[in-house]
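J.: So the chains spell out like this:
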Amino acid sequence: MFTFILKRIIHAIPVLLVVATITFFLVRVAPGGPFSEDKTMPPEAVASINQHYGLDKPLYEQYFSYMIGLFKGDLGPSFQYPNRSVSGMIADAFPVSLELGIMAMVFALFVGIGLGVMASTRPNSMRDYSSMSFAMIGICVPPFVLGPIIIWIFAIKLEWFNVSGWGSFQDAVLPVVTLGAIYAANIARLGRGGMLEVLSQDYIRTARAKGVPEYKVIIKHALRGGLLSVVSYVGPAIAGVITGSFVVESIFQIPGLGRLFVLAAFNRDYTMIMGTVLFFSVMILIFNTLSDIVQILIDPKRSFREG
Amino acid sequence: MISILVLSGCSRKESNLKNATSKGILYVGNGSEPQDLDPSTVTGVPEQRVIAALFEGLLSENPKTLAPEGAVAESWTVTHDGLIYTFKIRKEAKWSNGDPLTADDFVYAYNRILSPKLGSQNAYMLYCMKNAEKFNKGQLADFSKVGVKAIDKSTLQITLGKPTPYFLPLITHMAWFPANKKNIEKYGAIDQRGTQWTLPGKLVGNGPFVLKDWEVNKVITVVKNPQYWDADKVKLNEIDFFPISDNQAEERTFRAGQLHMTYTVPSSKIGYYQKNKPSYIHISPYLGTYYMVFNVNKEPFISPLVRRALSLAIDRKSLAEDVVKGGKVPAESFTPPDTGGYTAKTNLQYDVKFARECLAKAGFPDGKGFPVVEFMYNTSERNRQIAEALQAMWQTNLNIKVELVNKEWKMYLDTFRTRDFSIATASWIGDYNDPLTFLGMWTSDSTNNRAKWSNNEYDKLMADAAFTSEQPLRFDLFQEAEKLLMEQAPIIPLYYYTSMALISPQLKGWYPNTLDHHPYKYMSLEDEK
Amino acid sequence: MFWIKEKLSSMSIDAEEPGNSLSKDAFRKLCKNKLALFGIFALSFLVIFSILGPYLMTFNYYQQNLSLGAASPSFTHLCGTDVLGRDLLVRMAYGGRVSLAVGLCATLVSLTIGVVYGAVSGYLGGRIDSLMMRFVDIMYALPFTMLVIVLMVWLGRNFILIFVAIGAIEWLTMARIVRDEVYSIKKKEYIEAARAIGLPGWKIILRHIIPNLLGIIVVYVTLTIPRVMMIEAFLSFLGLGIQPPMSSWGLLIKDGAQVMEEYPWMLFFPSFVFSLTLFCLNFLGDGLRDALDPRTKE
Chain A
1 MFTFILKRII
11 HAIPVLLVVA
21 TITFFLVRVA
31 PGGPFSEDKT
41 MPPEAVASIN
51 QHYGLDKPLY
61 EQYFSYMIGL
71 FKGDLGPSFQ
81 YPNRSVSGMI
91 ADAFPVSLEL
101 GIMAMVFALF
111 VGIGLGVMAS
121 TRPNSMRDYS
131 SMSFAMIGIC
141 VPPFVLGPII
151 IWIFAIKLEW
161 FNVSGWGSFQ
171 DAVLPVVTLG
181 AIYAANIARL
191 GRGGMLEVLS
201 QDYIRTARAK
211 GVPEYKVIIK
221 HALRGGLLSV
231 VSYVGPAIAG
241 VITGSFVVES
251 IFQIPGLGRL
261 FVLAAFNRDY
271 TMIMGTVLFF
281 SVMILIFNTL
291 SDIVQILIDP
301 KRSFREG
Chain B
1 MISILVLSGC
11 SRKESNLKNA
21 TSKGILYVGN
31 GSEPQDLDPS
41 TVTGVPEQRV
51 IAALFEGLLS
61 ENPKTLAPEG
71 AVAESWTVTH
81 DGLIYTFKIR
91 KEAKWSNGDP
101 LTADDFVYAY
111 NRILSPKLGS
121 QNAYMLYCMK
131 NAEKFNKGQL
141 ADFSKVGVKA
151 IDKSTLQITL
161 GKPTPYFLPL
171 ITHMAWFPAN
181 KKNIEKYGAI
191 DQRGTQWTLP
201 GKLVGNGPFV
211 LKDWEVNKVI
221 TVVKNPQYWD
231 ADKVKLNEID
241 FFPISDNQAE
251 ERTFRAGQLH
261 MTYTVPSSKI
271 GYYQKNKPSY
281 IHISPYLGTY
291 YMVFNVNKEP
301 FISPLVRRAL
311 SLAIDRKSLA
321 EDVVKGGKVP
331 AESFTPPDTG
341 GYTAKTNLQY
351 DVKFARECLA
361 KAGFPDGKGF
371 PVVEFMYNTS
381 ERNRQIAEAL
391 QAMWQTNLNI
401 KVELVNKEWK
411 MYLDTFRTRD
421 FSIATASWIG
431 DYNDPLTFLG
441 MWTSDSTNNR
451 AKWSNNEYDK
461 LMADAAFTSE
471 QPLRFDLFQE
481 AEKLLMEQAP
491 IIPLYYYTSM
501 ALISPQLKGW
511 YPNTLDHHPY
521 KYMSLEDEK
Chain C
1 MFWIKEKLSS
11 MSIDAEEPGN
21 SLSKDAFRKL
31 CKNKLALFGI
41 FALSFLVIFS
51 ILGPYLMTFN
61 YYQQNLSLGA
71 ASPSFTHLCG
81 TDVLGRDLLV
91 RMAYGGRVSL
101 AVGLCATLVS
111 LTIGVVYGAV
121 SGYLGGRIDS
131 LMMRFVDIMY
141 ALPFTMLVIV
151 LMVWLGRNFI
161 LIFVAIGAIE
171 WLTMARIVRD
181 EVYSIKKKEY
191 IEAARAIGLP
201 GWKIILRHII
211 PNLLGIIVVY
221 VTLTIPRVMM
231 IEAFLSFLGL
241 GIQPPMSSWG
251 LLIKDGAQVM
261 EEYPWMLFFP
271 SFVFSLTLFC
281 LNFLGDGLRD
291 ALDPRTKE
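Protein chains in written order, with our numbering: chain A, 1 to 307; chain B, 1 to 529; chain C, 1 to 298.
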């Protein structure tokens, strides 16, 4: 396993370099600069600011100093907030997104597996159709529709939960549900599919014939194989959940990474954009690797040598 | 499981705002996240609102009338010619770290904001001071020649380059706030940008509150400053500023009982509050104008006839009442009514027939041959609705086509520099309560002249007005200028702003005024009966 | 996405013979799937509504009625009006055109790139194959969505850019799937037989490889269109993407979500058609996949 991880890390490095380079030039090439202001700035001021951020140096010099900074772990100062560092702001925002993401994934697994198992044990029944149609809601209703609707019902009309913010349990419920819905839906479908396949296998029939109670059949024998595809889905999905929750963070005003990135894009905060993109890439790589490891551990047919 | 959720929900709900009120903590919805808290470099309104709690200048504004009142300065005199002002600084004035506040703190602050390297965009607000402009433009190296002097520790003298009738209201602006030299230079040079001195734990201010915490995109917390000279009068213990940029989300947050006050109201909710909770919503005139600006050096807008035609073809009344809502008043001039006592006499008609005649005279009868022009607006719901409405009006009334181009803020601003636009939306909020802040924008040398319009007669009128403090001559000159501005139409005013706010009945000491300045010093929280 | 790849590759392992009896089989199975049938009918209705609708309706999509403002559904305006007094029904039809067009075109973009790339890689095999797939791996780590957002913010209003950008997010999976498929098909005996007979390369591709790919491609297209439409809606939500006065379902939904409490019809109707379309496409795609899989029972 150790060599597997090592190989992954070694493969990851050129990937990250490519990502950093592409982002760097993409960001610089776009028209307009980061410092256009409402009231025009005298030229000395512009020069002074450019110097502070190193924008007066030729492009390739900026690139090299940025790359060197990367190795030291320094992502540079934010363009939008001149007295803060990008790494500092990411460090503040990431735990929020992490919490939100993990809670959403737990919710999705809980609901998704529940629905999927329920549907698969009585295929083509009313229960099956209704569970799957319910799951479809997660896939077909965009989070920016679902979000405002559940805010309206549960936060404003019923006043059970909070409208926005992130700090207490009441703040968390609605965003977690909104974010987790689509993943719950996909997990439900995958789970159902996987369980159906497994449940038609011979060894399940044998267990049933032997008189093993149904719930034990499911939990002890079927679940492990049936959920394989769920596991392979969850890995990359976690990266997506943690990092890509722009919409949910905007609707609920959650100070996480997604919102940080979107605001940076709109504010042309070059360093922040690059910092967040790089960070996301690292997260994606880490979670893909973790997911592969878990899959290999669960599925006896695969081994680490494939990595 | 559901019952647990319900129970926990209920118990938390009613305590939220009540809890804050009983502790004297004010919850404010503050729009976008402040970039920085340095009074000498920031330009945004959300920043200004927080800075107003942390710092104070020589004079402050009366919360109801905006008349300048003594703050750090307890008294002042002015010479007969209106050129030399002398301020007496009160002995009790202190910085939040205990340092006494002296006249040198003002001299230092002005030196700082006028330093060319600092690049402050509000430096021009000090140009009335003798030699300030020269120093700021790098034409003068010796700051001691600039018209500000500390006669002694508690006496500050400011010498102006020319008589400035609006000087006293002007210096309540944050560009004129003092600065603590020791504190700032601990973290960098006098004219260095982006230093750490404005972070919590480091920032030293002289206002009624002091900075306790600043979690980006989450909340800014300020607490009562015991060193403030008037601390006895301050009733709030703490203020939490929440950066909620989406005004729909902010309104929901207010309605759910998580905010005491907001500075905006989404237009779709105005009707709801006016009907159901009229005591919560406050709409007041605001010193600002929403307008369209032409690039007068680009065809087809070189001709004033064409510009006037487009202006005449706009139904401002419908725009203000049906599209924008919120009691906005259709504009008749560029300067809002009753600005420092001045109300323009011009008016802007909705006259489609005349508009078509103008367009025909300009060479485009019935819109024939009129090129498709780009109409730029910066990304916002309101701008989009206005842009779409105007697009339809011009199509229907003049038979011309405009193409809507939506640009995000920075790109939008940059386009004024590159001049790659034909028409654009714009708005201007007055810096101080005098028509000069509006009319002065359109002289040939003004950096705020986005149309790049240049008219000798206008320049002369404005130059004459600048040297007069005699009334009614001064205002008469402004009237002439305004008339010329509306006839030549390098810009088309659409409506005057109103400020809108949602205020919880638990908040007392909040008063409406035309600059939408609400000093926290006078506010207090009371439980609802 | 990962799980699609798994499902699709597991499904066509045994689908070896080119064309005929398989599609007859598949058609029969499809017809028996009620949800898929419903999907087909509802989808056709929506498409016809979007394309022909605006010609049949009295209002056009940019006609404003400022004094009316946002009005609830009535006989004149079956779905109500928006804030500027524009008829919502017509805007929904028009928006449907845009959304479906974007969905289709972006999917085609990703399809073209993905299929060509994957087929070439799989057929050539060897080192070129490894290199090409390694490139895909690198691209997978790029948070494409983010880069697209950055691009859209700064180059925003180009209509073509939207197709290309969204298409660029999706082509990777297709490339992988196609490559795996081509790779495994290449190894089959009937291909070797064909080569032994002396059939030229292009004939092999045309007669044997592509027909076996068709199944996967059809399923994939049907399942990607809804995802692409979701991305477009998401970009519209952020204020990027389609510009007014043009409209897409995503833009209509975004407007509606903001004023949901005062004017609920502005949210309800566009969300309904949007979700219905996604619903249909997903069930149709599922149905197709099950139909083409020789292992599912009838």
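None of these hints come from the bench; they were simulated from the model. Values in this document were obtained by computation on a predicted structure and should not be read as measured data. Even glycine gets a Cβ: it sits at the ideal position worked out from N, Cα and C. A hint or two may mislead.
To be verified - Computed spacing ranges between beta-carbons, pair by pair:
hint, chain 1, residue 1, chain 2, residue 2, range
1, A, D56, C, N60, 32 to 38 angstroms
2, C, I160, A, F169, 53 to 59 angstroms
3, A, L297, C, Y55, 58 to 64 angstroms
4, A, Q51, B, Y280, 46 to 52 angstroms
5, B, S32, A, I68, 29 to 35 angstroms
6, C, L124, B, S32, 36 to 42 angstroms
7, B, K153, A, I68, 46 to 52 angstroms
8, B, N276, A, F71, 56 to 62 angstroms
9, B, S32, A, G54, 22 to 28 angstroms
10, A, F25, C, N60, 24 to 30 angstroms
11, B, E185, A, G54, 56 to 62 angstroms
J.: Of the numbered hints stated earlier in the document, which are not met by this structure?
T.: 1, 2, 6, 10, 11
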